[in-house]
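Below are the chains, spelled out letter by letter.
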Amino acid sequence: KNQVEQSPQSLIILEGKNCTLQCNYTVSPFSNLRWYKQDTGRGPVSLTIMTFSENTKSNGRYTATLDADTKQSSLHITASQLSDSASYICVVSEDTGNQFYFGTGTSLTVIP
Amino acid sequence: KAGVTQTPRYLIKTRGQQVTLSCSPISGHRSVSWYQQTPGQGLQFLFEYFSETQRNKGNFPGRFSGRQFSNSRSEMNVSTLELGDSALYLCASSSVGVYEQYFGPGTRLTVT
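Residue numbers (this note's numbering), protein chains in the order written: chain A, -5 to 106; chain B, 4 to 115.
These aren't lab readings, by the way, just hints derived from the structure by calculation. Owing to the predicted nature of the structure, the values given are computational and were not obtained by experimental measurement. Check the hints yourself; a few may be wrong.
Claimed, not checked - Quick partial rundown of chain A residues pointing at chain B, CB under 7 angstroms, derived from the structure:
{"hint": "1", "residue": "R36"}
{"hint": "2", "residue": "G37"}
{"hint": "3", "residue": "P38"}
{"hint": "4", "residue": "I43"}
{"hint": "5", "residue": "A80"}
{"hint": "6", "residue": "F96"}
{"hint": "7", "residue": "T98"}
To be verified - Lysine-lysine pairs mimicking DSSO-like chemistry, simulated, CA-CA at most 30 angstroms apart:
{"hint": "8", "chain 1": "A", "residue 1": "K51", "chain 2": "A", "residue 2": "K65"}
{"hint": "9", "chain 1": "A", "residue 1": "K65", "chain 2": "B", "residue 2": "K60"}
{"hint": "10", "chain 1": "A", "residue 1": "K(-5)", "chain 2": "B", "residue 2": "K60"}
{"hint": "11", "chain 1": "A", "residue 1": "K11", "chain 2": "A", "residue 2": "K65"}
Note that beta-carbon positions come from the ideal geometry of N, C-alpha and C, so glycine has one too.
Isolated chain B, as found in the complex (with noise of 0.2 angstroms):
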């Protein structure tokens, strides 16, 4: 089975510009969840996407939304972007019942 993949895995943007980030979850996983992890702060919760629904969001600023298809990919978008918006952006997937979220590489956001 195919891991968690993540699309592009590098990214330079400059401030004031948006940007999308793509997230597939492993095939079957209908929960996707995004994170923003930077230093000496861990990982910090963005929201997670269940069947094409937001079920859960983190305490982030309007900026950063998401959506999640049909097929249960997702995408993170943050508009207007600062500089403390570089991070590495996490995705990961579950399946229903099973209480463990599988990782992908990420996304590094430099924002100059």
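Okay, chain A solo, but in the shape it has when bound (with noise of 0.2 angstroms):
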């Protein structure tokens, strides 16, 4: 069964700090994999989006990572600001392009 989890579920992290997420699926065949952030009561923004052969991929502070043999990815967020506040949510493509299996996101929250 086609599968995307993500941990953990919620963060709280204090400004300035770095912080990581994880993402692991079970999607097969794979085409490719997002990160998006959603603002509460907003639709989601992409951030990366990477294909089987990229391991790293960078937009800002937010830096994504693939392991595609582990089936797992990381969104590594540096140097954490008020405005990171938010859900960050881990999409996967089957290789037709149709499908999309969506995490149930991570909740992070950033304190002064």
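Taking the hints as your guide, dock the two standalone chains into a single complex.
And the structure:
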């Protein structure tokens, strides 16, 4: 069964600190993996998209890694800011491109 | 390029009523997907339309229906509303051959 699991479910960190969010998936055949940031009450916004051959991709203070062998991805946030407080969702696509599998997200709270 | 737009942004309905939500995809995108998001449930896939045809369907009752017009705009209809239908309804569009979805801001539906 194709699934995407994220951990932790929620996380509270101090402003300026780093954190890492995890995403494990069983989706096969794999096409790509995306990380989205969703502010409360708004639609998700894409942070990174990674294909099978990519190990690391950065977008400013956000760095995503992908290990296609172990089917794991992580999103590392450096020097967190209050505006990073949001839900981070991992989405994996099947090779057909028509099916998207969503994780339930990690709720990140950055406190001053 | 304008992003995905959804109308209305907020809606309050009474149990038993029906509601229609609208989504305008990014210009040139022919695929439109609808999702329901409730606290603790994450994003739940409703259905996807491509070139006016429903291509995929999630596990929701027949009260949830949709359609897509020739200009790729899509509508979602929920009949006989229940309290449990209160949620954020998100629309996402994607282009042919590009495995990434762009989300709209969502419609917050409250059923009383």
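Comparing the hints with the structure gives:
no., hint, in the structure
1, R36, "6 angstroms, holds"
2, G37, "4 angstroms, holds"
3, P38, "5 angstroms, holds"
4, I43, "5 angstroms, holds"
5, A80, "13 angstroms, violated"
6, F96, "4 angstroms, holds"
7, T98, "4 angstroms, holds"
8, A:K51 to A:K65, "16 angstroms, holds"
9, A:K65 to B:K60, "26 angstroms, holds"
10, A:K(-5) to B:K60, "17 angstroms, holds"
11, A:K11 to A:K65, "27 angstroms, holds"
Hint 5 from the earlier list is the only one contradicted by this structure; the remaining hints agree with it.
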